[in-house]
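Per our numbering, the very first residue in the sequence shown carries number 1036; after that it's consecutive.
In case anyone wonders, no lab produced these hints; they're calculated from the structure.
These figures come from a predicted structure and were not determined experimentally.
Just so you know, even glycine gets a beta-carbon here, dropped at the ideal spot from N, CA and C.
Warning: the hint list may mix true and false statements.
[Stated by the list, open to error] Pairwise CB distance ranges, derived in the manner of DEER restraints:
1. P1113 to N1061: 21 to 27 angstroms
2. D1115 to A1075: 48 to 54 angstroms
3. L1116 to A1095: 31 to 37 angstroms
4. T1090 to K1112: 21 to 27 angstroms
5. D1115 to N1061: 18 to 24 angstroms
6. G1053 to V1120: 31 to 37 angstroms
7. D1060 to K1112: 25 to 31 angstroms
8. A1072 to V1036: 30 to 36 angstroms
9. V1036 to N1061: 18 to 24 angstroms
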Amino acid sequence: VEVEVESLEELAQALSAGADRVMLDNFALDDMRQAVAMNAGQSQLEASGNVTEATLADIAATGVDFISVGALTKAIKPLDLSMRVS
């Protein structure tokens, strides 16, 4: 079970509930580091929100297990296709 949290307090609750994976939503880098320390390997941690090419290395250095990059799907232009069937 993955749980999305928005604060260190919510992280503590998710960990005590036994979440398998916790998504850290829009955490600052310092809060991510604190989250990794609090977690102590108990759960998989996923960073999400405000992930860019410029911030990727810093986020990875916090020690989280996964990084979600929404820009991969949000920043593209859709391709308009059609198919005629007779």
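Evaluated hints:
no. : hint                               : in the structure
1   : P1113 to N1061: 21 to 27 angstroms : holds, 26 angstroms
2   : D1115 to A1075: 48 to 54 angstroms : holds, 49 angstroms
3   : L1116 to A1095: 31 to 37 angstroms : holds, 36 angstroms
4   : T1090 to K1112: 21 to 27 angstroms : holds, 23 angstroms
5   : D1115 to N1061: 18 to 24 angstroms : violated, 32 angstroms
6   : G1053 to V1120: 31 to 37 angstroms : violated, 51 angstroms
7   : D1060 to K1112: 25 to 31 angstroms : holds, 26 angstroms
8   : A1072 to V1036: 30 to 36 angstroms : violated, 22 angstroms
9   : V1036 to N1061: 18 to 24 angstroms : holds, 21 angstroms
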